[in-house]
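From first to last, the protein sequence lines are chains A and B.
If you count the first sequence from 1, you need to add 313 to reach our numbering.
If you count the second sequence from 1, you need to add 313 to reach our numbering.
These aren't lab readings, by the way, just hints derived from the structure by calculation.
The beta carbon of each residue, even a glycine, is placed where N, CA and C say it ideally should be.
A couple of the hints might just be wrong.
[Claimed, not checked] With the Cβ distance kept under 10 Å, some of the chain A side facing chain B (calculated, not the full set): (1) Y320; (2) C321; (3) S322; (4) R338; (5) F388; (6) L422; (7) T488.
Number of protein chains: 2
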Amino acid sequence: MLRPMNYCSDCGAPVEQQIPAGDNRPRWVCTACHAIHYQNPKVVVGCIAARADRVLLCKRSIEPRYGCWTVPAGFMELGESLSEGAARETLEEACAQIDIGPMFASVDLPHIGQVHIFFTGRLCGDYSAGEESLEAALFTEREIPWDELAFASGRFALECYFRDGGRCAGGQIHTGCIRGPRQAVQAD
Amino acid sequence: MLRPMNYCSDCGAPVEQQIPAGDNRPRWVCTACHAIHYQNPKVVVGCIAARADRVLLCKRSIEPRYGCWTVPAGFMELGESLSEGAARETLEEACAQIDIGPMFASVDLPHIGQVHIFFTGRLCGDYSAGEESLEAALFTEREIPWDELAFASGRFALECYFRDGGRCAGGQIHTGCIRGPRQAVQAD
Numbered sequence: 314m315l316r317p318m319n320y321c322s323d324c325g326a327p328v329e330q331q332i333p334a335g336d337n338r339p340r341w342v343c344t345a346c347h348a349i350h351y352q353n354p355k356v357v358v359g360c361i362a363a364r365a366d367r368v369l370l371c372k373r374s375i376e377p378r379y380g381c382w383t384v385p386a387g388f389m390e391l392g393e394s395l396s397e398g399a400a401r402e403t404l405e406e407a408c409a410q411i412d413i414g415p416m417f418a419s420v421d422l423p424h425i426g427q428v429h430i431f432f433t434g435r436l437c438g439d440y441s442a443g444e445e446s447l448e449a450a451l452f453t454e455r456e457i458p459w460d461e462l463a464f465a466s467g468r469f470a471l472e473c474y475f476r477d478g479g480r481c482a483g484g485q486i487h488t489g490c491i492r493g494p495r496q497a498v499q500a501d
Numbered sequence: 314m315l316r317p318m319n320y321c322s323d324c325g326a327p328v329e330q331q332i333p334a335g336d337n338r339p340r341w342v343c344t345a346c347h348a349i350h351y352q353n354p355k356v357v358v359g360c361i362a363a364r365a366d367r368v369l370l371c372k373r374s375i376e377p378r379y380g381c382w383t384v385p386a387g388f389m390e391l392g393e394s395l396s397e398g399a400a401r402e403t404l405e406e407a408c409a410q411i412d413i414g415p416m417f418a419s420v421d422l423p424h425i426g427q428v429h430i431f432f433t434g435r436l437c438g439d440y441s442a443g444e445e446s447l448e449a450a451l452f453t454e455r456e457i458p459w460d461e462l463a464f465a466s467g468r469f470a471l472e473c474y475f476r477d478g479g480r481c482a483g484g485q486i487h488t489g490c491i492r493g494p495r496q497a498v499q500a501d
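Same shape as in the complex, but just chain A (with noise of 0.2 Å):
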């Protein structure tokens, strides 16, 4: 389950699997400044953003899943809040602003070490076509491209929100988990 490593980041000599003392699992260590490198699951952030009856979604211009649509999500970075994380990735993927609003989903995918976590929020303004997105368009629940999603995270979102009434308020939050590849979402 650990990624690949072969050097030290801290001194650049070879690392090996080791249970470190008072651990109970393998880590990278270091063999020569026996520096421990943790490995850790990443944080993806998403926002189901709206306008009225309709939700924003991009169709992806990167693989995987070049073609598809999503809702606008992306990897957590440093330095921001996990809200701050899911505007910036509409703006980025849809060029468009957003009152944020609560997180509304989670979803855990212990297969490939992620959590994804969406909000919601109220579309302000303009949208158009990120880097990332070859279209940016709003759609109601029924004109949704349900069979050409590109991820089994963001369908969960979306079904969820719309079974909610499709509304921003609440508080309330959906999870489940992913437990493979193609595998659909189990709801807790």
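Use these hints to put chain B onto chain A, whose structure you have.
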């Protein structure tokens, strides 16, 4: 904001800070093999484990905050879900099995690149101090050593829990942000 990195973990050559093509922020990039080493926030998971009107806290036997009390919590590991991580930390720090409940609170700490996520849970059976604890004990709201709590995020989770009536039920999430050292949580 990048964490220190001197050498490429792929090939062992020196790295330097660069903004890669198509990116908009500095990354550690290898001067030889050009691998980009992304750094992202880490997730801490914890659990407010309850029995009737009491919650389980641990007195820390390690730094930081040696001797202060904490909600069982620690870094999420690769290969687990958020709730599995919260249950594992409760087992490791308080030797306590729990029935994990809903996600309950989320606190961003952008100044240190962390997100702290708390669950509720019901305590099943015994508990005792784990390796990182001097002591584990149950407290009612009034009994909690509020002036000896280790971390502001755990305090926020406890305050929200008792303000909601000390229930494990829900799905209502409380969110907030800590913007600097020794600061309290600003609720969203």
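Status of the hints after comparison with the structure:
The interface hint given for A:Y320 holds, since its Cβ lies 4 Å from the closest Cβ of chain B, which is under the 10 Å cut-off. The closest approach between the C-beta of A:C321 and any C-beta of chain B is roughly 7 Å, which is under the 10 Å cut-off, so the hint is satisfied. Look at A:S322: its Cβ gets to within about 5 Å of chain B, closer than 10 Å, so that hint holds up. At a threshold of 10 Å, the smallest CB-CB gap from A:R338 to chain B is about 7 Å, leaving the interface hint in force.
Because the beta carbon of A:F388 sits about 6 Å from the nearest beta carbon in chain B, less than 10 Å, this interface hint is met. Checking A:L422 against chain B by beta carbon gives a least distance of about 9 Å; that is within 10 Å, so the hint holds. The restraint placing A:T488 at the interface with chain B holds, with a minimum CB-CB distance near 6 Å, inside the 10 Å limit.
In this structure, every one of the numbered hints holds.
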